[in-house]
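Going down the list, the protein sequences come from chains A and B. Under this note's numbering, think of the first position of the first sequence as 1, with each following residue one higher. Under this note's numbering, think of the first position of the second sequence as 83, with each following residue one higher.
I should point out that these hints are in silico values taken from the structure, not numbers from a laboratory. Model, not experiment: these values are computed from the prediction. Ideal Cβ placement from N, Cα and C applies to all residues, glycine included. Don't take each hint at face value.
Now the stretches of chain B that chain A is said to cover, found in silico as 3 or more residues with beta-carbon under 8 Å [to be verified]:
(1) 129-139
(2) 177-188
Only part of the chain B face toward chain A is listed, based on derived beta-carbon distances under 10 Å [what the hints assert, rightly or not]:
(3) 164
(4) 342
(5) 343
With beta-carbon atoms standing in for the labels, derived distance ranges [said to hold, decoys possible]:
(6) 74(A) with 119(B): 43 to 53 Å
(7) 44(A) with 259(B): 44 to 54 Å
(8) 194(B) with 2(A): 26 to 36 Å
(9) 11(A) with 368(B): 53 to 63 Å
(10) 16(A) with 235(B): 48 to 58 Å
(11) 342(B) with 32(A): 25 to 35 Å
(12) 235(B) with 44(A): 20 to 30 Å
(13) 70(A) with 259(B): 16 to 26 Å
(14) 11(A) with 152(B): 37 to 47 Å
(15) 2(A) with 119(B): 18 to 28 Å
(16) 25(A) with 215(B): 48 to 58 Å
(17) 289(B) with 62(A): 40 to 50 Å
(18) 44(A) with 278(B): 34 to 44 Å
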Amino acid sequence: MQSINGYQYNTEQEAINARESCDSYYGIPVNPNDVTQNWVDYQFAELNTPQFYYIVYDDSLLPVLGTPTEFEVVTPPFPPVN
Amino acid sequence: MIIPSFMGFDKAGFGVPPLLDLYPSAAAAYSVRKLRTAYTGSAIRVRRSSDNAEQDIGFTSGNLDTSSLTTFCSGTNGFVTTWYDQSGNGRNGTQSTAVNQPQIVSSGSVINVNSKPAAQFTKANNHNLINATLATSSAMTYSWVGAMTVPTSNWSYAFEIGTFGTTGGYLLTPYANASVFDYVAGDLINFGNGYNTGSAPRFISNGVQTVSNTQTLFNGVLSSTNAKGYKNNSAISSRVAITSTVPTGTGLKIGTNTFSESFGGTMQEIIFWGSDQNSNINGINTNTNTYYAIY
């Protein structure tokens, strides 16, 4: 279990919308051929029940996504035995 | 002293021949110095924070062109979008997400470690660079120059090839949790395939090897005959060293791993050879230390 400061979304589309809001705010990409294609990306909490999507907080996200919240993401304490 | 050009010495500036002229056939090679005379590409591509524009930055006299870098960033911050592969294999490390890009210029000043430029990886931001094609299917050797911030829990992956726990290739990480399997807090670890007791090949140091935020040259060799670790050109004594097979895996992550267990600290050079270079370690390290003055 890992405590995350960030933004939590129930659906992938909500996470995509949040990502696009950040891209729009920061004007990313500046050029279509730039390496940088997104300002921030989202992650999938696949081990949580129910599963959800989230974006980890960064200071640059505050003016776009607002105040972050604390939530728990289930992570393997040690990766699964191979 | 006159250095004969036929020995491949770079006469332009830094006094040592490009490393890969002496120890060629690297699988992938990233550095703030020029590593191969025949390489004509850039060192890095940088995004500046003022307007998010990007520009390639090359070399001058074998060194990262810091003049072009600071001119481009013009008093603001600069972030590495691409660390170009100098091996000739085109395995560039890239990061397409802005907040995950390691930093190399801060408020107009190049980030330096021991007077040489360095990419700053912030653990909380999961700074990392990715190449999807670097693969291991045989013996592997790495040379790494940087300064780690030793983690207070879990791992801090300087790099990973493949997928940790399954067919992972090379990983360089200190371990910070309670003992599990045959790992003890403070271990420095090079994994091969898997991590369980008995997984091979693997190298686990005997005791703590990493000093936080101290520039260090690490090497690892994993092959069917060698499971070695070196720190500043001295062999690290091993508590576990298992050979008998070779690491396999596909996909390089610099500064993180499959589980986003990110690296904190700086990096200046990472070179991978798809072969056992154990007999060349001293030569590789002598060349590297002549440039970076690490130890």
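(request) Indicate whether the distance between the beta carbons of residue 44(A) and residue 278(B) respects the range 34 to 44 Å. (result) Given a distance of about 26 Å, which is not inside 34 to 44 Å, the answer is violated.
(message) Assuming the hint says 43 to 53 Å, is it satisfied by the Cβ distance from residue 74(A) to residue 119(B) or not?
(response) Given about 51 Å between the Cβ atoms, the range holds.
(message) Given the hint of 18 to 28 Å, is the C-beta distance from residue 2(A) to residue 119(B) inside that range or not?
(response) violated, 46 Å
(request) Let me know if the C-beta of residue 343(B) comes in closer than 10 Å to any C-beta of chain A, holds or violated. (result) Status holds, d = 9 Å.
(request) Could you check if residue 164(B) really has its C-beta closer than 10 Å to a C-beta on chain A? (result) Given a least distance of 6 Å, the restraint on residue 164(B) holds.
(message) Please check whether residue 235(B) and residue 44(A) have a Cβ separation lying inside 20 to 30 Å.
(response) Check passed, 23 Å falls within 20 to 30 Å.
(message) Quick check on a hinted range of 48 to 58 Å for residue 25(A) and residue 215(B), using CB atoms only.
(response) violated, 33 Å
(request) Note whether the CB distance of residue 11(A) and residue 368(B) lies within 53 to 63 Å or breaks it. (result) Once the Cβ atoms are compared, 56 Å apart, the range 53 to 63 Å for residue 368(B) and residue 11(A) holds.
(message) I want to verify a distance hint. Is the separation of the beta carbons of residue 70(A) and residue 259(B) within 16 to 26 Å?
(response) holds, 23 Å
(request) Count the residues of the segment 177-188 of chain B whose CB lies closer than 8 Å to any CB of chain A, then report whether that count reaches three. (result) holds (count 7)
(request) Take a look at whether the Cβ-Cβ distance between residue 194(B) and residue 2(A) falls inside 26 to 36 Å. (result) holds, 33 Å
(message) Restraint: residue 342(B) near chain A, CB-CB cut 10 Å. Satisfied or not?
(response) holds, 8 Å
In summary, the structure is inconsistent with hints 7, 10, 15, 16, 18 from the numbered list given earlier, while agreeing with the others.
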